[in-house]
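*Asks:* Listed here are the chains, written in short residue letters.
Protein chains: 2
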Amino acid sequence: MIRRYSFGTPLPTDAVVCALPAEKGDVPYFTTLRENERVSFTLSLSPEDILFGLGESVRGVNKRGFRFRSWNSDIPSHTENTESLYASHNFLVFFGPSRLFGIYLDDPGAVIWDLGYTRSDTAVITSENGNFDFYLIEEDSLSGLVRTFRGLTGQSYLPPRWAFGYIQSRWGYASEDEIRTVAEEHRSRHIPLDAVCMDIDYMVGFKNFTWKPEAFPDLKRFSTELKQDHLRLVPIIDAGIPAEEGFAQYEEGKAEGVFCKKEDGSEFVASVWPGWCVFPDFLQEKARTWFGDQYRPLLEAGIEGFWNDMNEPALFFTEEGVSEAFARAESLRGSHVDYESMWQLKGSFNGIGNNMNDYRRFFHRIGDASVRHDKVHNLYGAHMTRASADAFRRYDPDRRFLLFSRSSFIGAHRNGGVWQGDNFSWWSHLKMALQMLPGLNMCGFLYSGCDLGGFGSNVTEDLLTRFLQLGVFTPLMRNHSALHTREQEIYRFSTWEMMRDTVTVRYALLPFLYSEFMKAALTDGMYFRPLAFDYPEDTRAVRVEDQLMLGEGCMIAPVLEQNAVGRYVYLPEDMLMIRFRSASDYDLVPLDKGDHRIDLKLNEFPLFVKKNHLVALCAGGESSETLDDRALTVIGRIDRETVYDYYRDDGFSPRPDLQQHLFRISIKPETVCTSTAGVAISKLLI
Amino acid sequence: MIRRYSFGTPLPTDAVVCALPAEKGDVPYFTTLRENERVSFTLSLSPEDILFGLGESVRGVNKRGFRFRSWNSDIPSHTENTESLYASHNFLVFFGPSRLFGIYLDDPGAVIWDLGYTRSDTAVITSENGNFDFYLIEEDSLSGLVRTFRGLTGQSYLPPRWAFGYIQSRWGYASEDEIRTVAEEHRSRHIPLDAVCMDIDYMVGFKNFTWKPEAFPDLKRFSTELKQDHLRLVPIIDAGIPAEEGFAQYEEGKAEGVFCKKEDGSEFVASVWPGWCVFPDFLQEKARTWFGDQYRPLLEAGIEGFWNDMNEPALFFTEEGVSEAFARAESLRGSHVDYESMWQLKGSFNGIGNNMNDYRRFFHRIGDASVRHDKVHNLYGAHMTRASADAFRRYDPDRRFLLFSRSSFIGAHRNGGVWQGDNFSWWSHLKMALQMLPGLNMCGFLYSGCDLGGFGSNVTEDLLTRFLQLGVFTPLMRNHSALHTREQEIYRFSTWEMMRDTVTVRYALLPFLYSEFMKAALTDGMYFRPLAFDYPEDTRAVRVEDQLMLGEGCMIAPVLEQNAVGRYVYLPEDMLMIRFRSASDYDLVPLDKGDHRIDLKLNEFPLFVKKNHLVALCAGGESSETLDDRALTVIGRIDRETVYDYYRDDGFSPRPDLQQHLFRISIKPETVCTSTAGVAISKLLI
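Just so you know, the protein sequences line up as chains A and B, in that order.
So in this note's numbering, spot 294 of the first sequence is number 294, and the numbers just go up one at a time.
So in this note's numbering, spot 481 of the second sequence is number 481, and the numbers just go up one at a time.
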């Protein structure tokens, strides 16, 4: 059941797809307080209460004990006390012995979530602007509650099947030749690969929708050449458009009036990668259509996937901001510079990026109104994604495109996936990547993953290996790294064969993981879940922070610690452990409910399967297109006939019918062709 | 066995206390490479090799898989990829199935430790300057090896017994009244307390050895008043001396020629807290004596403990550095500022602190030579500590003083303790604090601890509680926080009673922990050890990263994760768990060798005791001086008569004789007065 409560004058956000009448009276459970524009909701927490949700955010699966701020931020060097990441996902579930409900604040501005931070026994949620819809969702179970919420917000984005392949990316690839080398190094070493990302260096002066003619003399020919090798290109698109006189896009967009304006009606200009840029007003349909149309040359060149970046929007600085910084610095010059003024000096220039003053300098048109950006800041990236997805649907309505974005808001989950933003080559960010996944899934962002290996700083062989072992299971499996960091392609490392073997597991599992993903997406379910969703009565399971349920019957528990050759795992019920080393080399170990210490050498990682559930492996391969997904090895720890409804489709049709694509696999306990008692393996051709 | 190999022209560092003849030929095990000034040592690592040591440094107990740089740095916002912290402790042990040896690089300049970072199977250790002694230490056991190393470097500092009490600190306490309030809030709520730190605000304009006359009108009277309440004051002393004409210390030190000079012979001046400062050349005995004498007014006011800070030395900036930064900024003004120049702009002022150019601007006198600071950078803090400790010995040779420093080098462990530097209110820093302790102990820094609750950023109730639960066992148990962060004294929180109960456990254990500490210090042993030291043959134990051996027979395993109400613990042998809630409320749970999942609510924390070892608790109290340490409850899981040699002394005499102060406690299995089978409790009066 969903109830909507309306506060102030909510602006359209495109987050929900159902219009509900507003309830009268106060929101139940909470004490509501209005102070000037701010509206806050206070609730007492019992020691047993657990909070799930908030999508892309730091800290644990249980969000309790921290203060988050919904404010889309370009903040690569985030640590555990970073309040805002690249996205704002205002859905939170309160789960305890005597309570189960979810809340969604459909608020495009800043929202503060003090979840047992100031006082461990109190949650206070505050809308800074006070114009929003508050949805209260109640169901009998966590899964049911999330499904109801997802019904409210619409079906998750469906990527094409090739988007489940391994993707290699690096900030710095600048030419056909460089990308060709990356492709060849993978193919010659039999490291599976489906796509290569093109970061900003493919463009002419970082200008959107251009590509360097000398480096990519014939992009269509090149993309065709790669496709023949079952590889795809995935270029980046940024939010800003160069404010360069004579640059066609700028002139055209200016003529159409699609860029954000300042209060005086002039265009808002800020520096990002190409230099001075204007910013499409994605909140206007006209601007979205115009922007979407710009993708056409790339689509015509055969591109089938994109990543949208810099769309918080990130702002390096404005002219006003730089002038103010220089003035501040100047005022301190020559004086006896003390500690305070040193901090001011440093701060003067440090603060010029993504500055709140700049976010107050420009406006959006919403209907007839002009709305200052900071009031709707968190919508920007989501509406850029919307512009892109709409364009792809217009250009080729019969094909799914790959699209993932850095910034997002609930609603964008219908149009694209997300990566988890710019992370670091840190073990703590590996753990954070895992812990962020269930929240993202709750909010509908099923197609997601982190920059494997870490974007910033230098990765080590062991860390990249453990990142890849998590990545085997994340729908988006992309190795990505930043300019000036250690080169991070698998083949750069002395232990590349171990890493290749890890990726082969992804390809053996790819049809199965795709099946699990599609079934979750088409039923408003979750691909990754906290254990609490399956075992709400198990007081141990509900607090597990480093294991996730995957699909219908699986659980993952990767190694997240440097130098570890094993880990503890809690099994809420009897399971089968598949300890993978490669697609063809794995152990099958039945383990009973309870705590286990599992040996996991650097090249080993486990997948757990509930009793009387099945996993299907194919023989693997080097690209998603060349996999034979009909020859399956079906594995289960079963004591009765067990079925698995295996989803298969063509991998690209946009509106698949679930029932039509399900193929029922059934095996019986007597199908035992292994020495491990109770484990059935069946070889099937379907 | 120790062998010394000499490279270049080593400078005196005061690190070792034994003169060994230099070996001829190459260092065994390593491949030595000389490149210009640099000397590097390369060694292959097997997958099983584990590396212990490096004292104050980030990452795990096992230092493998990262690159460290010995370079004392003022770096509060450190993360897992921070190469340098506040101290340089160049002692590392290689421990594997087929190797056991330690190396110590007595090198006062930068040393790079690539420990399986560039290649996971290779360690490369590089001295940047090439003037150092390389000690190779070999013994049959880890403990023996460390003891031999500690024999080379001399006996650890002995703090007074009151330094094992709980210490409250905060950057911001600025007056008698404020400190009195802190004291009263603790006393009135029966939160035990032994000392209050005075951070920089007690001084007049942050000038060393001064105090604000209006805020502390009679420091001696105030310190006497507090001592009557069994409380002591612990003021901070910084490294820099204000370069202020007419300021007595400056004039005097200038006349004596004790400050560091630039190449042209003029004094080196940089800004730190008081503004422009000069820096005593602590490498000269004359300067140390002069600086040490400055403590006299504070000693005469009854002060018995100090913390030395800012002694990397931290430099906010120099006039030259600021000019260069302004010039860089100016050169970018007006130009079309792009991304690169924005980074340069930010960097120009960001880089002005602790700048390498500044460290090259000044010199030390060593004998007749003038040595540029960067060649001996890592000695500075250690020699400040030496100056202080020598002064205390001169002033009152019959008393131990409390002294702990931010920056250090091996050798300083004979003169003082260390705190682990400026950390954050992060769960990851709680874990890092634990993991740093065994390395510090290996290097002789037994008196150590972190800023409990975290120095920077805002603590939460649960995080402070878990920090305190670690702090119960660290010799230095100090709650410290920074200006502008959440107030962090226990009494500020709604859950203060839970925190108070935690501190009561410290006081119940204080005589026992003091006994364990003194026995370790007086025998060149370790108070905290990796489990590998006790169970080198146990392949599980050697890799445990979140438990530590404590003293002769104990092990700690604190909860390090937010929202956790339990944790896994590995017991390498049968043990007794004491699950503490307060000094008088605890469970006794015998647990057998193996893996265990332990329930530990927020107010609970365990101490494990090996079978046939004993722990002694006193009744506790509110200060170390008012504890009755003769009435003991002795607890053990024993199956034979078991003895504990209990160390007791007056708590302040400087050269205690170990044997003279040992009191043998003996209990027998039949002394069972508990319902828990196999656990003996004996009430003793000694």
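Honestly, the hints are just simulated from the structure, not real lab data.
Computed from a predicted structure; not experimentally measured.
Don't take each hint at face value.
Note that the list lumps identical chains together, so a pair holds whenever it fits in one copy or between two copies.
[What the hints assert, rightly or not] Once the Cα atoms are required to be at most 20 angstroms apart in a straight line, the calculated EDC-like pairs of lysine to aspartate or glutamate come out as:
1) Lys683 x Asp657
2) Lys611 x Glu552
3) Lys601 x Glu256
4) Lys601 x Asp538
*Asks:* If you check each hint against the structure, which ones fail?
*Replies:* 1, 3
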